[in-house]
Each structure stands twice: as structure tokens, then as C-alpha cells.
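Trainee: This is what each chain is made of:
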Amino acid sequence: MCLAIPALIKSIKGQQAVADIEGVTRDISIQLTPEAKVGDYVLLHTGYAINIIDAAEAEETLKLLRELGEAADN
Amino acid sequence: MKFVEEYRDPELGKKLLERIHQRSRKHTRLMEFCGGHTVAIFKNGLRQLLPPNIEMLSGPGCPVCVTAAADLDKAIALSQLSDVIITSFGDMVRVPGSSSSLQKAKAEGADIRIVYSTQDALSIAKDNPEKSVVFIGIGFETTAPTVAASILQAEQENIKNYHVLSLHKVCPPIMKAILDLGEVRLNGIICPGHVSAVIGSRPYRFIADDYHIACAVSGFEPVDILLAVDRLVEQIEGDKPMVEIAYRRGVKEEGNLPARRLMDTVFEAGEADWRGIGAVPGSGLNIRKKYERFDAEKSFEIKIAPSREPKGCICGAVLRGVSTPLDCKLFRVKCTPESPVGPCMVSSEGSCATYFQYEGTNGR
Ligand code: SF4
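Taken in sequence, the protein lines are chains E and F. Residue numbers for the first sequence follow my numbering, beginning at 232 and rising by one. Residue numbers for the second sequence follow my numbering, beginning at -10 and rising by one.
These are calculated hints, taken from the structure and not from any lab test. Every residue, glycine too, gets a C-beta built ideally from N, C-alpha and C. Mixed in with the good hints there might be a few duds.
With a cut-off of at most 27 Å between alpha-carbon atoms, the simulated BS3-like pairs for lysine-lysine come out as follows [said to hold, decoys possible]: (1) F/Lys32 to E/Lys244; (2) F/Lys292 to E/Lys268; (3) F/Lys300 to F/Lys287; (4) F/Lys279 to F/Lys149; (5) E/Lys294 to F/Lys300; (6) F/Lys115 to F/Lys300; (7) F/Lys15 to F/Lys(-9); (8) F/Lys(-9) to E/Lys294; (9) E/Lys268 to E/Lys294; (10) F/Lys95 to F/Lys229; (11) F/Lys241 to E/Lys294; (12) F/Lys292 to F/Lys93; (13) F/Lys229 to F/Lys3; (14) F/Lys32 to F/Lys292; (15) F/Lys(-9) to E/Lys241; (16) F/Lys279 to F/Lys95; (17) F/Lys95 to E/Lys244; (18) F/Lys279 to F/Lys93; (19) E/Lys241 to F/Lys292; (20) E/Lys268 to F/Lys241; (21) F/Lys300 to F/Lys278; (22) F/Lys300 to F/Lys279; (23) F/Lys93 to E/Lys244; (24) F/Lys149 to E/Lys294; (25) F/Lys32 to F/Lys229; (26) F/Lys292 to F/Lys318; (27) E/Lys294 to F/Lys229.
Reference listing, derived: stretches of chain E covered by chain F, where coverage requires no fewer than 3 residues with Cβ under 8 Å from a Cβ of chain F [said to hold, decoys possible]: (28) 232 to 239; (29) 253 to 264; (30) 271 to 285.
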């Protein structure tokens, strides 16, 4: 029920946006994420973007995970 | 899919598991609050992969499952009114109320339409100006802002025939209620990822501060969940409970401020009825007076008989983490996803449906 999937914003018109979800295009509402820009990934839930995905944090987490992995190797 | 595949990397998962096995010493009981996490844990067989001293319990985080029979009876009563179109998310229509379900009401002629989004419900309202369209609002803080947004849009566009039956619930008060019941002793909680995308991580602080229970907000891919477990193990072994975000790409400490503001504009906290748990103060969202013309409970006169729970169903105990579906005599025998007796078997994220699908393969 609280499922949300990443969607890539392709274009924006007011509070509506066109988003790409794995090659499928959909109209979504960005009323809850007014700061979303074209090129951002958002978390899409029941037709609404509920948050903007933070790409820098995603990178940081993966880096941390790889480091944890290395630490476990030692 | 970007931001998904990376977190399914079996190598990263293996390293995290090794780390957890190396570090976890104490007997540890964790509860995943969210039904989405339950499904992800079972689907990936994580329970079996974790060390035996880590016990995993499922919590009440399936909005469909926790909807009280009395609230469903209200939705069904609304569907019986003339010139009313009911719009609802799909799972909800199959959930049994006291004596019927929306699905049965539909088969008997009520106009009930499944929608994917409140946007669809608004379109139906615009297309049917001579009818009243009621959206059955279920869901936690993930969904409530989208429903708030639809009410504001109805106001802006002057869509007068749109109404919401708000059965929305919020998470922190029910977490507190479960802890206060004292039926299950927990060492850590895997906090819901997409609820937290909206509310942030601060509302869980009382769990670490007052109850001395570790908290980690988790995403929904296997590596996300293992990272959350790793953070919880670290806190528990070091005896330093706090609230960590193990889902930083999706969750900020302060949550999503515009979404929170919108939710706050339309809703105010009130008591809500939880299946198997009862009334919990402050755990529901009522539509504020300013928007009461969109409130189905205020706009329609409905009467319901005292509610009944399905006989033999122990959903309530399952939702509180006290029992597992395996403890239910009806599980698999009389209660299956094709013919569900209780709500925990209806929703694909319900514990009973999840056990039905995965237990014996990956469950433990
Ligand atoms: S198996 Fe069916 S009857 Fe038993 S608790 Fe689950 S939903 Fe209720």
C-alpha cells in the first residue's frame, strides 16, 4: 500500500509532470514536490510524487556499503 | 531501474549479512512495522539468512488490514445510497466488513469503481456532475497527503460532488500503543520507508528515548533492509538506541515539508479504530471543519449496525505481533487469498497473504 517507485521527470507543466517509469510514460502530480525539476527522480505513489530522490545521498550510501563490505573482508 | 537495481546487488547483500553474523550476539527481536517490508523480507528469504538469534516480527503496517470492520460497514452503507459512486483503491473492495464487502455490494448493483489515484476519482466526479463521488480514503502518511491534495484541488476547481471518507491513520501513535500494550518485547524497529519520506525520522525519537528501542528507517530492496538490520544490530550491541535513516536517498530527517503542510491544512489528528487493537487516540486523520463539505461522514446520513469481526479470525493478534498466521486455525484451510476470511489475507501486504505465498519456501 505504501509502495512508491522511482520515476524520472521528463517535463513539467504547472503541478503536473510527465514521468518515465522504466520506459512507460505517465502523467503524474508534483503538487507534493513543488521543487521537482526535469531530470529529477521522484518517489511515485498513487499518481503523486511524494519525495524527490536524493541522488547524492544514494551515491553516498552505496559508497558506505562498499566500505562496509571491505571492512568485513579484513 | 535506477535507484532499485543497485540495492539488489547480491554481493553487497552478502557482505552485510556477514557483518551482521559477525556482530550480532544478543538475542534480538525486531519488528518491521510496514507490510511492504514484510513482503520484501519474505520474498528475499531474509528471515532465513539472518542469524538465529535475530527474531523478526511483523507489525500493523498494512492500512487495508487495520481498517476496522465498522469503518468498512460505513463505506458499504455509503455505497447503498442512491446517486453515489464509490471510488476506492483495489485491495479495499475485497475486505470483509461485518456482513458484506464492497465487492459484494458491487455485485449486487452498487456503483463501485476501483481507482489507482485520487486524480482518477476527481475525474469521475467531473464526468458525473449529477452524482456524488465518494473516495474511500485509506492509508498512512504516505497516502494521506495525496488525498489532502485532491480535496484542495476539488476546492480550487469547485468540484462540489467530491467527498472523502477519511479512514486515514498515522504511524507513531500506533507504535506507541503497541509498545504500551507490552505484549511483545522489542529491541529494534524497522521504521516504514515511505511514511518516513513524508514525516521524516524525528517522530520516532520517543521510541529510542523513552522506550530504549533501536530504530532504523529502511527502504524496500533487500540491501536496504539488510543495511537497516545492520544499523539496528550496531545500536543494540552497543546499547545505544537512536533513530537512524538507512534510506537516505528517499528520507530526510524533516521529511517532505510541502507534503506535511498540505496534510496538516486538510486533516487534524483524531481517534481512530484499529482492527484487533481498538480505538487509539491521535492515530487517525479527520477532515478539518473548513473542508467539511468534502467530508463524506458530514455530507451523508448513514446508519450502521454494531460491527462484528469474522469468526475465528485472529488478525488482531497478528497485527499486534503477538501471533503469526500459522497460529490461526483457518489459515490455508478456510482462509486463502482466493477466499479470504479476514483482511490480513486480502491485502497482498497482509501478513497472512504473505505467509500464504512464501511460508515454507523462505519463511521461518
Ligand atoms: S489466516 Fe485468515 S482468518 Fe486467520 S488471521 Fe489471517 S486473515 Fe484472519
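Trainee: Now tell me if each hint is right for this structure.
Mentor: Hint check:
| no. | hint | verdict |
| --- | --- | --- |
| 1 | F/Lys32 to E/Lys244 | violated (39 Å) |
| 2 | F/Lys292 to E/Lys268 | violated (47 Å) |
| 3 | F/Lys300 to F/Lys287 | violated (32 Å) |
| 4 | F/Lys279 to F/Lys149 | holds (14 Å) |
| 5 | E/Lys294 to F/Lys300 | violated (52 Å) |
| 6 | F/Lys115 to F/Lys300 | violated (41 Å) |
| 7 | F/Lys15 to F/Lys(-9) | violated (36 Å) |
| 8 | F/Lys(-9) to E/Lys294 | holds (16 Å) |
| 9 | E/Lys268 to E/Lys294 | holds (25 Å) |
| 10 | F/Lys95 to F/Lys229 | violated (53 Å) |
| 11 | F/Lys241 to E/Lys294 | holds (19 Å) |
| 12 | F/Lys292 to F/Lys93 | holds (19 Å) |
| 13 | F/Lys229 to F/Lys3 | holds (25 Å) |
| 14 | F/Lys32 to F/Lys292 | violated (42 Å) |
| 15 | F/Lys(-9) to E/Lys241 | holds (15 Å) |
| 16 | F/Lys279 to F/Lys95 | violated (32 Å) |
| 17 | F/Lys95 to E/Lys244 | violated (37 Å) |
| 18 | F/Lys279 to F/Lys93 | violated (34 Å) |
| 19 | E/Lys241 to F/Lys292 | violated (48 Å) |
| 20 | E/Lys268 to F/Lys241 | holds (18 Å) |
| 21 | F/Lys300 to F/Lys278 | violated (38 Å) |
| 22 | F/Lys300 to F/Lys279 | violated (40 Å) |
| 23 | F/Lys93 to E/Lys244 | violated (41 Å) |
| 24 | F/Lys149 to E/Lys294 | violated (51 Å) |
| 25 | F/Lys32 to F/Lys229 | violated (31 Å) |
| 26 | F/Lys292 to F/Lys318 | violated (33 Å) |
| 27 | E/Lys294 to F/Lys229 | holds (24 Å) |
| 28 | 232 to 239 | holds (count 7) |
| 29 | 253 to 264 | holds (count 5) |
| 30 | 271 to 285 | holds (count 10) |
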